[in-house]
Amino acid sequence: MGTVLEMKTLLATVTLACLALGACGNDTESFATLRLASAVVKDRVSGAGGATVAASPGITRATLANVLTPVLMVTREVTAQQALVGSVAVNQGVETWSSVDKVTVSLRQGVLLATRGFGADLMAADVPGAATLAKGGSAYSRAHTLLDGTDQPIRTIYSCSVMSRQPQAIVVVEVSYQTTHVVESCSDGNATFENEFWFEGAQKLRKSRQWVSPEVGYLLIEDLRR
Amino acid sequence: MTVTPLKSVRPAVLAALIAGLAAPVFSQTRPSLNLYGSTGLIDMPSADVQPDGMLSITSSRFGPISRTTLNFQISERLSGSFRFLGIRDWNKNVGCLPACTGIDAFDTYYDRSFDLRYQILKEGKYLPSVAIGLQDFVGTGVIAGEYIVATKQLLPNVKVSAGLGWGRLGTNSPIGSPFGSRPDLVVGSGGNFNFGQWFRGPAAPFGGVEWAINDAWTFKAEYSSDAYAEEAGARRTFDRRSPLNLGLEYQYSELVRLGAYYMYGSEVGVAAHFFLNPKKRSGGGIIVSAPDSVAVRPSRQSDPDAWSSEWVTQTDAGDILRTNLGKRLSDDGIQVASISYNGSTAQVRIRNTIIDAEAQAVGRTARAMTNVMPASVETFEIVSVVNGMPVSKVTVRRSDLEALEFDSLATAKLLDRVTISSTPVSLNDGARETETYPRLTWSVGPYARLRLFDQNAPLKAGVGIQANARYEITPGLILSGKVTKQLVGNLDDRPPIPGRKLQPVRSANYFYDSLGDPAIETLSLSFYHKLAPEVYGRVSLGYLERMFGGISTEVLWMPTNRRWAIGAEVNYVAQRAPDQQFGFNLPAEMFDTDACGGVGQPACAAPSSYRVLTGHVSGYYKFDSGFHAQVDVGRYLAGDLGATLSINREFENGWKVGAFVTKTNVSSADFGSGSFDKGITLEIPFSAFSGKPTREVRSTVLRPFGRDGGQRLDVEGRLYGTVRDYRQDGLTEQWGRFWK
Numbered sequence: 001m002g003t004v005l006e007m008k009t010l011l012a013t014v015t016l017a018c019l020a021l022g023a024c025g026n027d028t029e030s031f032a033t034l035r036l037a038s039a040v041v042k043d044r045v046s047g048a049g050g051a052t053v054a055a056s057p058g059i060t061r062a063t064l065a066n067v068l069t070p071v072l073m074v075t076r077e078v079t080a081q082q083a084l085v086g087s088v089a090v091n092q093g094v095e096t097w098s099s100v101d102k103v104t105v106s107l108r109q110g111v112l113l114a115t116r117g118f119g120a121d122l123m124a125a126d127v128p129g130a131a132t133l134a135k136g137g138s139a140y141s142r143a144h145t146l147l148d149g150t151d152q153p154i155r156t157i158y159s160c161s162v163m164s165r166q167p168q169a170i171v172v173v174e175v176s177y178q179t180t181h182v183v184e185s186c187s188d189g190n191a192t193f194e195n196e197f198w199f200e201g202a203q204k205l206r207k208s209r210q211w212v213s214p215e216v217g218y219l220l221i222e223d224l225r226r
Numbered sequence: 001m002t003v004t005p006l007k008s009v010r011p012a013v014l015a016a017l018i019a020g021l022a023a024p025v026f027s028q029t030r031p032s033l034n035l036y037g038s039t040g041l042i043d044m045p046s047a048d049v050q051p052d053g054m055l056s057i058t059s060s061r062f063g064p065i066s067r068t069t070l071n072f073q074i075s076e077r078l079s080g081s082f083r084f085l086g087i088r089d090w091n092k093n094v095g096c097l098p099a100c101t102g103i104d105a106f107d108t109y110y111d112r113s114f115d116l117r118y119q120i121l122k123e124g125k126y127l128p129s130v131a132i133g134l135q136d137f138v139g140t141g142v143i144a145g146e147y148i149v150a151t152k153q154l155l156p157n158v159k160v161s162a163g164l165g166w167g168r169l170g171t172n173s174p175i176g177s178p179f180g181s182r183p184d185l186v187v188g189s190g191g192n193f194n195f196g197q198w199f200r201g202p203a204a205p206f207g208g209v210e211w212a213i214n215d216a217w218t219f220k221a222e223y224s225s226d227a228y229a230e231e232a233g234a235r236r237t238f239d240r241r242s243p244l245n246l247g248l249e250y251q252y253s254e255l256v257r258l259g260a261y262y263m264y265g266s267e268v269g270v271a272a273h274f275f276l277n278p279k280k281r282s283g284g285g286i287i288v289s290a291p292d293s294v295a296v297r298p299s300r301q302s303d304p305d306a307w308s309s310e311w312v313t314q315t316d317a318g319d320i321l322r323t324n325l326g327k328r329l330s331d332d333g334i335q336v337a338s339i340s341y342n343g344s345t346a347q348v349r350i351r352n353t354i355i356d357a358e359a360q361a362v363g364r365t366a367r368a369m370t371n372v373m374p375a376s377v378e379t380f381e382i383v384s385v386v387n388g389m390p391v392s393k394v395t396v397r398r399s400d401l402e403a404l405e406f407d408s409l410a411t412a413k414l415l416d417r418v419t420i421s422s423t424p425v426s427l428n429d430g431a432r433e434t435e436t437y438p439r440l441t442w443s444v445g446p447y448a449r450l451r452l453f454d455q456n457a458p459l460k461a462g463v464g465i466q467a468n469a470r471y472e473i474t475p476g477l478i479l480s481g482k483v484t485k486q487l488v489g490n491l492d493d494r495p496p497i498p499g500r501k502l503q504p505v506r507s508a509n510y511f512y513d514s515l516g517d518p519a520i521e522t523l524s525l526s527f528y529h530k531l532a533p534e535v536y537g538r539v540s541l542g543y544l545e546r547m548f549g550g551i552s553t554e555v556l557w558m559p560t561n562r563r564w565a566i567g568a569e570v571n572y573v574a575q576r577a578p579d580q581q582f583g584f585n586l587p588a589e590m591f592d593t594d595a596c597g598g599v600g601q602p603a604c605a606a607p608s609s610y611r612v613l614t615g616h617v618s619g620y621y622k623f624d625s626g627f628h629a630q631v632d633v634g635r636y637l638a639g640d641l642g643a644t645l646s647i648n649r650e651f652e653n654g655w656k657v658g659a660f661v662t663k664t665n666v667s668s669a670d671f672g673s674g675s676f677d678k679g680i681t682l683e684i685p686f687s688a689f690s691g692k693p694t695r696e697v698r699s700t701v702l703r704p705f706g707r708d709g710g711q712r713l714d715v716e717g718r719l720y721g722t723v724r725d726y727r728q729d730g731l732t733e734q735w736g737r738f739w740k
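Protein chains in written order, with our numbering: chain Y, 1 to 226; chain P, 1 to 740.
Calculated directly from the structure, the hints in this document are not laboratory data. Be aware that one or more of the hints could be misleading.
[Claimed, not checked] EDC-like mimics (lysine to aspartate or glutamate), calculated; alpha carbons at most 16 Å apart, straight line:
| no. | chain 1 | residue 1 | chain 2 | residue 2 |
| --- | --- | --- | --- | --- |
| 1 | P | K460 | P | D492 |
| 2 | P | K482 | P | D331 |
| 3 | P | K280 | Y | D126 |
| 4 | P | K485 | P | E472 |
| 5 | Y | K204 | Y | E95 |
| 6 | P | K485 | P | D454 |
| 7 | P | K122 | P | D52 |
| 8 | P | K279 | Y | D148 |
| 9 | P | K280 | P | D492 |
| 10 | P | K413 | Y | D126 |
| 11 | P | K280 | Y | E95 |
| 12 | Y | K102 | P | D492 |
| 13 | P | K280 | P | E254 |
| 14 | P | K279 | P | E254 |
| 15 | P | K122 | P | D89 |
For clarity, every value in this text was computed on a predicted model and none was experimentally measured.
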């Protein structure tokens, strides 16, 4: 009798717990309901969608000393979410950098041409080389591909030019650098964005602020390698 | 260059107008909805259209009249509405109380109506947009009216509309009957098309203006051509003093619009409009962790060893590769069922359990393979397996993946270079997973059951807990069940149950709702098997749905590279007892209607069991335009013979909005209210709201009249819905997700 009672109590407890949670079981599909709810709450609280990027409160050179792989620091401007990313792959001069929770940026000579894990990702892009940006001068075009709400690729051509080039001293995690600050302005007649690049020397990018998509906004990418 | 906001255009437009020139068309006023929930002014329609695909739900009320409407922009020019209408104080002032009968028996009169609207002319530089519409064009036609209306944007923020209405829209100050007199409506059992009445009888003008004060606020004024002859005249449910209506609307967000109105010189009105755009996802994109990057092979010269195909002779290579691949894909819910290979080609069979876009499952598998497969493997074959049945094979060249990973045209270029083909009946060679089966999945969670339009109330509901379990014994052999227990609800509130001529295969739903608590909704064993490279088969046995149990068999011929499929289904089923336990004995009480079975009434005919052979031949066709048609011909549950036509608008991301009609050899009189079975279906993917990949969808069927003619068995896991996502068009409609 004792065991039966225990079983009943256990069953009741489990049932109550399940109800409190909204759903339980090992069926991943049914859990979608629950995940949906928590995802919406999370989105509302953090103010935006996007995979959660591990926050890095106060990265210092001392903490960086323990990081073995070469790293960049990526900050999503609108949410101030921050992550250290390490190089995981190179394909035809495009280097992909990933955070531990699998959010990636892909860069050619520091210029962003794809993201993954942010939601409204930049799927792929035709972008100027570092030399074009560093040199300035005549107008050129960019092509950015995003997915619309029905998952069809939308490729937008922007016409771009370098608006200004100014010497500027910047600090990246306790280290100061002498850089040339380059502002690139792009428009497709409807939307505009302005990317910023801080070149150290001729074509070495130390820091940049680059556009992803209307929902994701700008990413700040800083090179923490010495 | 920066964006030029539209506001700054206004002075230029004014200048152009002053100069006597036509203004360029800059629509700043939105296409808004009226109190009927259709595109229009306040109580009158306009010639505007909503954005293609837009769904909206409107709840409005003024005086004694309340309306709840589902409106859908079916195509760019065609839209349709389904409405539930309530008129309070229906019999209060007709002098029949307390012994009212017939149509006067209701204190609140409820009715359902369908509308269709077509924009025959788009707005041009000089010409207005023009639309024609049929309001309440099937059924009892209580609010039936037809109209032709024109709308012109005069200023960027001012629109005017003018039109001519017939039927109830031609009752206020008619100007004559241009197309002859309106014949009386023969209602019969309702639900029929009222062709003879359309655009006949007196016609009356209406018109109005919409002024967008700013982005959020809109002022509307209109002159109505509806005299409310029945509601205000004959029944005096409200006092109609004027044909003028005024309103103020507030756009709270992209999803919500609210309005307040002063109606017919005496009543206050309110409306809330909710907009759902299937073409937009909340948050902008599916949020999912990054895929594996494409791993580029070293050149043959720099690393000839890596390119050797000697690994093929290694005895445990298959298991190692399958395990490695499985680890990379498990987070995405992709299971690697088996792999086979030779030196240059590797074939991987996957089951996609989570990802809503099939192309993404294939794309992630392909990229994971670049990280796992030895360099000598150039051809990747990825086969999607559903319920143990391999469906389609996507063949991708590894060098294309390497070349296109960061190409801004990668989606189109890769689609050109892959081939999608059918697969053999079984793929049992190579290294197979052995640990996955048998596999139990289960869940416990809340559920809601709705009963719509049951004559007493627009909606009754029950909420409770449900437990689901699915036990996959081997791939394709599945034991599944579902148990529910209601906690709260008003489903055991007995509605009027009209008398019937047919076996109550559906119309005894009240007894199933109230007696089945707890209920074993389903408990069945299903076996899926591929019979030929493009032919699929299913057998299901047990308690197949809440009202029927028995055996269901199905065969589907679905070529992988075609837009059509043909299927056949034969079922032998018995009606379950309404308590939804294991029995098939039907209690006499479930046959009770308002005409029999009650105190002092004759007993109802009550057979103690009911068995039926039912089945259909079905044809499916997917049009280029995003429309999908299905025709089912066969024998229905009540033993009636006939056909069903279903047309759906399908969106690539999984939204489906459709309508169906069924006509069988049951006469309108025997069918009862509605004359024949028809309804609206709505299927919404969860991923639209969660922003996360999930294959879960919610489907709803809205039937204005739930009767017994033209009803099909509601068996789960029909073949077409199970495998079509992996046909060529299913795989490629979201091909952009391959690279996500």
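Outcome of the hint check:
1. A C-alpha spacing of about 9 Å is found between P/K460 and P/D492, which places the hinted pair at or below 16 Å, so the restraint holds.
2. Proximity of P/K482 to P/D331 is assessed by CA-CA distance (about 27 Å); at most 16 Å being required, the pair is judged violated.
3. Of the supplied pair hints, the one linking P/K280 and Y/D126 is violated, its CA atoms being roughly 26 Å apart against a limit of 16 Å.
4. For the hint pairing P/K485 with P/E472, the CA-to-CA distance comes to about 25 Å; that exceeds 16 Å, so the pair is violated.
5. In summary, the hint linking Y/K204 to Y/E95 is supported, as the alpha carbons are separated by about 15 Å, within the 16 Å threshold.
6. Proximity of P/K485 to P/D454 is assessed by CA-CA distance (about 22 Å); at most 16 Å being required, the pair is judged violated.
7. As the CA atoms of P/K122 and P/D52 are separated by approximately 14 Å, the hinted pair is consistent with the 16 Å bound.
8. A hinted pair counts as satisfied when its Cα atoms are at most 16 Å apart, and P/K279 with Y/D148 qualifies at roughly 8 Å.
9. For a cut-off of 16 Å, the pair hint linking P/K280 to P/D492 is broken: about 39 Å separates their Cα positions.
10. Proposed proximity of P/K413 and Y/D126 is supported: the alpha carbons are some 15 Å apart, at most 16 Å.
11. Taking the CA atoms of P/K280 and Y/E95, the gap is near 31 Å; set against the 16 Å cutoff, the hint is violated.
12. Taken as a hint, the Y/K102 and P/D492 pair is broken in the structure, with Cα atoms around 51 Å apart against an allowance of 16 Å.
13. A distance of roughly 11 Å separates the Cα atoms of P/K280 and P/E254; the hinted pair therefore holds under the 16 Å criterion.
14. For the suggested pair P/K279 and P/E254, the alpha carbons sit about 13 Å apart, so the restraint of at most 16 Å is met.
15. This hinted pair does not check out: P/K122 and P/D89 have alpha carbons roughly 42 Å apart, beyond 16 Å.
The structure fails to meet hints 2, 3, 4, 6, 9, 11, 12 and 15 from the earlier list, while all remaining hints are met.
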